[in-house]
Structures are given as C-alpha cells and as structure tokens.
Amino acid sequence: MKRNIILFFIILCGFVFQTTLFQALSFGGISPNILIIITVSYGFMYGKKCGMVTGFLCGLLMDIFYGDVLGFYALVYLYIGAANGVFHSIFYQDDIKLPLVLILASDFVYSFTCYVLLYLLRSRFDIIFYLKHVILPEVVYTIFVTVFIYPCILLLNRTMDEIERGDNKVV
Amino acid sequence: MSPVTKRKKDKFSIPSKYLLLILTCVCVALMAVTFFTDYSATPLNKLVGYVVVPFQDGVSRIGTWISVRVDELGELRIILQENQKLKEQIDELTVQNTQLQQDKYELNNLRELYKLDEQYSGYEKVGARIIARDSGNWFHAFTINKGTDDGLAVDMNVIAGGGLVGRIVDIGSNWAKVNAIINDNSNVSGMVLASADNLMVRGSLQLMAEGVIGFGQLNDSQNTVEVGDKVVTSNISDKYLPSILIGYISEISQDTNNITKSGKITPAVDFEHLEEVLVILKTKQQIGD
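Line order of the protein sequences matches chains A and B. Start counting the first sequence at 0; every next residue gets the next number (numbering that gives the first Met the number 0). Start counting the second sequence at 0; every next residue gets the next number (numbering that gives the first Met the number 0).
Source of the hints: derived by calculation from the structure; they are not laboratory data.
Here are the computed distance ranges between Cβ atoms for each label pair: (1) Tyr17(B) <-> Leu135(A): 32 to 40 Å; (2) Tyr104(B) <-> Leu119(A): 56 to 64 Å; (3) Gln205(B) <-> Gly165(A): 50 to 58 Å; (4) Met159(A) <-> Tyr17(B): 21 to 29 Å.
Note that CB positions come from ideal geometry on N, CA and C, so glycine has one too.
Generate coordinates for the entire structure from the input sequences, incorporating the hints supplied.
Rendered as structure tokens:
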C-alpha cells in the first residue's frame, strides 16, 4: 500500500517536473522524457504488472492534459511498461548498463511510435528530419537525465524494501 | 509472519497476460469513446485539475521567481541607461499623444458618421499564466492556470502581445489546454490584410525550428501580396475571431500548380518566451449569434 502511494507520488512528480522544470531546461525545444524513465524503471524492477500499471497511469496523465484522444499515450506507455517487465528476471540492482540500454531502447521505440502514428499518418514523410531534430535529441537528453534520476529511484526503492522488511520483522 | 504479507500479495494475482489485455481494452475503449463522441472526459479533467495543477502552478511560480531575480540583477545597469533615454522619449511622446488624441476624436466622429462600430476591438479579455508545457516533444501545446471557474470555455481565442497565440481545446475547472498556431496539427484560416486574399496558416514542426509558420493555398492571381504583408485571421474561420494579427509574410513562392502560392510567416508572438497570455472571453459562435 505504502509502495503504491509512493509510486503514485513519483508519477505525479515526474509529470509535474516534466511539464514545468524540464520544459524550462529544454535544449532547442527538446526536453527529456521523465515518464518513460519511471515506467521503464518500475517495469524491470518489479516485473510486468507493475510496469503496466505505471505505464498506464503515466500515459493517462499525458492523455488527459495533452492528448487529442484519451487512451493513446496510455496504450503506448502500457506496452512499454509490459515489455520492460520481461527483463525483470535479469535485473541486478548494481548494474546500471541494463537500465540505460532499456531506457534508451524504450524511448526510441516510444518516439518512433509517436512519429509513425501522429506524424507519418498525416503525411509528414521527412523521417530523417524528425529523426535528427526530435527523436535522437530526445533519446540522448533522456539518457543523460537518467544517469541522475535512476539512482534516486533505485535508492528510494531500496529504502522501501528495507522499511518493508523492517515492518515484517516487527509484525 | 510472512503469511500476512503473502496473503496480501495473493489478493491481486491476476495473471499479467490478462491485466495487459484488460488495460489494452480500457485504452481502446477510451480512444473509441473520445474519438467517436464529443465526450471530453470532464470528470477526469476536473480530478487531475485538483491533483496536478496546484503542483504545476507552484513549481512554475518558483521557477519564474528565480529566473526573474536572475534577470533583474543582470539587467539593472541596462535599465538605468534605458530609463534616461525613455524619459526623453516620454516628453516627445506626450506631444505626439495630444495630437493623436485630437485625431482620434476626429476619427470617432467620422466613424459614427459611417456607423462603423468597433465590433472587434472591445472584446473582454482575461489574463492567464502559462504553468506547464506539453510533456512530449512532438506538439507544443501548453496549460494555462485558468479554467471554467474563470469563465473560460473551449474554442476561446488566446492572444499575447497583440498577436494570435492559439485557442483553447481542452478545459478543466482550473486549467485549460491551449493549442498554439505553430503546432503541427494546427490550421488557421487567415487573410492578407492589404489585399484581403485568403490563405491557410499551417503550423509545422519543421518550420518551428526556424521560428516561422507555413502558409499555403494563397490565391493571389494579381501578384499583389508581398513579403512583409500583414496576415490576420480571416472572417470565414469558424473558430478564430476575425482580424487578429497572426504575423508578417517572410517568404513567398509560387506552388507547382501555378495557381496558388505558399510560403512562411513570421509570427507576431514570440512563442519561445511566452509566459502570460490573454484569453478573449468570446467565441466566434457567440459573436455570430
């Protein structure tokens, strides 16, 4: 229960900072994707189900505020969360390579999906331009931010684990 | 004491396959509902309005405060110099102003004679602050800190610095989402002020990097439209009020069909540094009535 409340707060903070602080820190109109970091992290840390729920909530929040159709981003994030849950079995806390690779891949897949569904279908064919000016900068910036944010999420979860373990002993 | 925690976990044991299926169905259903009907998720809008918007408001307030303080320190010296110059200008302008006031008086009289009432200059407006921007990098919509509680509604036009910014497309009780005209999915029916030729102003992510908006479908058989001409919203648009300044033509070229022209417009609004906007409290539909 505690964990769920904390998860909810992390998503909320992620969304608030992504729409305010990181928009102010954007380079050339490109800001990092915090929500994908959260979704992917929770996906491989706690498995498929948690990833799905996190992704769904993140996406829904984006849909409500900035989506044209309710449920579009929710669906994309949902599948990204689920896909990352598959890697739960090979996740070790001390290894930062796997998270970085997964976040990089997920952000790329996410951006590319957005391009195909939101731009290509409206006959914006200049894929090289969008790749160079939106997708790649976003991926690079997101990875850069991950290096700082991921350890915080990890630390928080470790603390939660310890608190839970402590609770069990007391009970 | 592990059974206690175990039982807790067992309660939520839907296999992940089914959870994925269920959530997918929920998403698809939501998409179908919002796409095929006009239902715009008002309860959800309200709910997140109370949960998220206060945070966004707070964070952006702090951010603005800090950046303003930093700017202030840097600009103090320049401002002092400017102040001197401006004082001289004031004297000059006061003289001009009296003259203009006389002219205006004359103009009003003439207008009355012509019975041209100033239908569009006297809109009631309300100021709002931008508190958040689109979380993705594909579109550049933003959220303002006023909503239905302040009398705003969907389709109201948003202006800043005398130019058109966009219109409200989604609304909650204390927030509203504004779709900017530079957005890739935005089309505005415009008009060249000098020649009254209609054109379509199309936002584009590609042109956004250059700080311009594209336009097309300009039917200018007389070749009268030139670079530098003012473009305003046209009176045939069903969402935008007429005669709001959009920008100035910066580039113009003949289309391959040899009938229409297209080109670029430099917007009147500085979208990069937008912080405060004005919302016109009337929609085109209301004015038509």
